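**Q** So you can see what is in the structure, the chains are spelled out below.
Protein chains: 4
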Amino acid sequence: MAKSRYEYVKQFELDDSALPGTWMVVRIDGRGFHGFTDMHKFEKPNDLRAIHLMNRAALEVVRNIRDIIIAYGQSDEYSFVLPASSTLYSRRISKITSTIVSLFASNYTMHWAEYFPDTKLLVPPCFDARLVCYPTQKTLRDYLSWRQADCHINNLYNTSFWAIVHSGKTEQEAEERLRGTFSKDKNEILFSDFNINYNTLEAVYRKGSVIIRQETEVKSVSQKSGEEVVRLRRLPAVLHDDIISNEFWKEHPELLVSSQEYE
Amino acid sequence: MAKSRYEYVKQFELDDSALPGTWMVVRIDGRGFHGFTDMHKFEKPNDLRAIHLMNRAALEVVRNIRDIIIAYGQSDEYSFVLPASSTLYSRRISKITSTIVSLFASNYTMHWAEYFPDTKLLVPPCFDARLVCYPTQKTLRDYLSWRQADCHINNLYNTSFWAIVHSGKTEQEAEERLRGTFSKDKNEILFSDFNINYNTLEAVYRKGSVIIRQETEVKSVSQKSGEEVVRLRRLPAVLHDDIISNEFWKEHPELLVSSQEYE
Amino acid sequence: MAKSRYEYVKQFELDDSALPGTWMVVRIDGRGFHGFTDMHKFEKPNDLRAIHLMNRAALEVVRNIRDIIIAYGQSDEYSFVLPASSTLYSRRISKITSTIVSLFASNYTMHWAEYFPDTKLLVPPCFDARLVCYPTQKTLRDYLSWRQADCHINNLYNTSFWAIVHSGKTEQEAEERLRGTFSKDKNEILFSDFNINYNTLEAVYRKGSVIIRQETEVKSVSQKSGEEVVRLRRLPAVLHDDIISNEFWKEHPELLVSSQEYE
Amino acid sequence: MAKSRYEYVKQFELDDSALPGTWMVVRIDGRGFHGFTDMHKFEKPNDLRAIHLMNRAALEVVRNIRDIIIAYGQSDEYSFVLPASSTLYSRRISKITSTIVSLFASNYTMHWAEYFPDTKLLVPPCFDARLVCYPTQKTLRDYLSWRQADCHINNLYNTSFWAIVHSGKTEQEAEERLRGTFSKDKNEILFSDFNINYNTLEAVYRKGSVIIRQETEVKSVSQKSGEEVVRLRRLPAVLHDDIISNEFWKEHPELLVSSQEYE
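Protein chains in written order, with full-length UniProt numbering: chain A, 1 to 263; chain B, 1 to 263; chain C, 1 to 263; chain D, 1 to 263.
Please keep in mind that the hints were generated in silico from the structure rather than gathered at the bench. Hints may contain errors.
No copy is singled out in the list; a pair is fine if it fits within one copy or between any two copies.
In silico BS3-like links for lysine-lysine, alpha-carbon gap of 27 Å or less [as the list claims (entries may be wrong)]:
1) Lys10 <-> Lys250
2) Lys10 <-> Lys138
3) Lys184 <-> Lys41
4) Lys41 <-> Lys169
5) Lys250 <-> Lys41
Fair warning: this is a prediction, and the values are worked out from it, not measured in the lab.
With these hints in hand, go ahead and build the complete structure from the sequences.
**A** What follows is the structure in structure tokens.
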């Protein structure tokens, strides 16, 4: 194809490769989601439709980008993990980050009506994203633990806060009631005042959502013989497991094996 | 809010600020759009519905991000320009890039049905994005000229190619016919064989689309007096002007004034 | 040459190119020079031997690295400017920075005895360095003005401080005397108490040192005819001019012409 | 201290921190050392004086920068390793790299006369430097193995090459003789033609030089009692060990322990 004399401006595009041999985490975050949730009347403290929509968008991203080996989401954020050995897009930070965040945003928009059949999408959702490199399995696991600990801290607060509000107090009163309290205090308030045992709440709220690829039976009908055929395929699935403890990682040893060549 | 012992992983997020005093251009590009256009049966060489949808998504981005002073789009790409003086998100590259690309993707998805009322959106669109810094007015203008020259080169080729194909040839035959030809040859083919004067084709195809903020009369009815009120506001509008020549920049001196403090 | 199986580690070397079309400034700074000047009994407020040694080291750097078009030094720092059009070492930041700083350090060490014939060099001098990009002529000039204004501010302070100390006061008393004073106050102290008209002090102290390449007559004797030949060559020379005002730049228009292709 | 209106240019200094939790390796390399060794008539294939001078300069760098835990040198290059846990200069790449390379250059210059008492230093030595991050113990060890394997490959070649040249052949003839040969061929040439058993050559040539801090008995005389006092201190020392094999690392477990918090 012909080239113009302006072609030289291409050289201003600098290389932005991520350090090889490190885990790459792309975390997307809702922008202005406080207003977004108000506008669309999300239920508080948690709106299960919204959680399922976030998980659906993330699931489509994981289906699309094969290198992602685990994703973790809570509230209006989702983290996608690419292994240390990944060479996706030559590890170019902008390319990886923008592809993931735009796929997430378009899926969120496209599938909105399935999860919110009675609520019209009034404004397009917006997410920002960043890519962070973690050099070792330990630092990667600590990253994921950080997000799940954050989920716990926020959800315990929000559950307490909205229990107080739903009981007839103002938001300001709820805030004052919780100021300076520790986890055990909030557990106590929930139990004594609202008869809620926090630890028995559904895991989806307390633990957030984890997506990994799991061996799954896929049934299809043979076009030739008409018989049903069952095959095993690794398909992404949403779990609500504790990913801080060692157990999860022992059950899924394949998650960390990918970076063994570097450690 | 309480903090966990995993908090230390936050320090792995490195600063990625763009050099101050430089123009920032975020260019988004359709990913896998060859398949996307086939799947949704886009008209060739240009599908006006698709162009209008691209422009609508870009317009919404420009409405949302006030710092953008000019945007230019053609084919499945769009460039958004932030002035040298912009301090949007402290000039953090990931934050700016991801916000723009996710807004674009969700707007494209959300407004699809308005522009393709008879075509169901089958897969979510995906765009990648990168941010490039240009140090001076001249290099910025050369960047925009590069993209518009590219539009011209591609559109002349595509117009010729599809004219040949629509006349009954195979795509391979069209390709062979055009191999090694220069602009004047393609103009000649279009004129002699298909009676098309390329230069009289609509500017939207030949020049692509430019978005700038223009003084616009906005009418509203005063709630108090019931009278119609006309105010002037600067609102983004889509043009199909030549942005390579000096004329455009002389007509819109405010576009380059913003970086005067540095030049 | 044979390759080992460890060769793969080379891929961890990431590209660190400076943005094209920007002025590159490498500023070196003495590390631990407070102790260094005490140890070698530098005269206060200024030691002319030390200034000449700094200038000599810088001159050798400029002789060696042809792309440097201007350098500016004061106190224990020196800035070397590469034009926006420079492609030295493909504009790799580490390569440029390390080459300049190591040349400076070895020249400073090697020429020490010429400038300090009676003082043994007790410890090797150490300098750190950084490369900063400036996108336009204006920002580059403002950078150089910043350093020369800094020279003025520090030198006026130091001249006043050491005048007070040399008159018999303690360093603490001198510090207290100067606390909160403005330029005009220090000028007044110098004039009233010590009969020093600051503005008539030698420019080398007040303005620092500038190195540019100047047309110079170079004489040599022809080996053939035995006659003396005079040729004009552009050789680096040390000046003590004011580089903040426009005059200097009008006298040396070639300094800024190099980046014209970008502005 | 007063500030000038040019102060704003400081914001163009961007952050260049190395990724936390990664090993930082600064490798310095002689610039134009081919000419430098010719000019100063270095002995070929190896000049022991030059090796000792390189080691001395490196030793002084290690003494000065406490965070360096191991250094490895061969030919005209030296690598300095900072542990994953190091926070030296907030891990700023330019600061670390320039400090090490300038210290190396000034030490090399300052100590020249001790190692080359009969050879005047004609030009100042120059070194470039780069900092590379390695995410894990394994990649760090592979880096060091890469450099030591390189030392072996080059030294075997050079030893063969100069043996042939010293036997009366031209450099071109030596080059041709060695073209396409493997290690075993060169070993064979050395043994058959020159009666040299390569593997019994001194380790300093075959293995290069390693600097680590070792427990050392330091004797001093008590000023009080006049008695000799012996204390154990960890002081840097030069070894010529094999650092590719596991043995070395088992003998010095403290070298890798520093990054345990991340792995």
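**Q** With reference to the structure, classify each hint as holding or not holding.
**A** Cross-check of the supplied hints:
no.	hint	in the structure
1	Lys10 <-> Lys250	between (47 Å within a copy, 25 Å between copies)
2	Lys10 <-> Lys138	between (39 Å within a copy, 14 Å between copies)
3	Lys184 <-> Lys41	neither (30 Å within a copy, 60 Å between copies)
4	Lys41 <-> Lys169	within (19 Å within a copy, 56 Å between copies)
5	Lys250 <-> Lys41	neither (40 Å within a copy, 48 Å between copies)
In summary, the numbered hints that this structure violates are 3 and 5.
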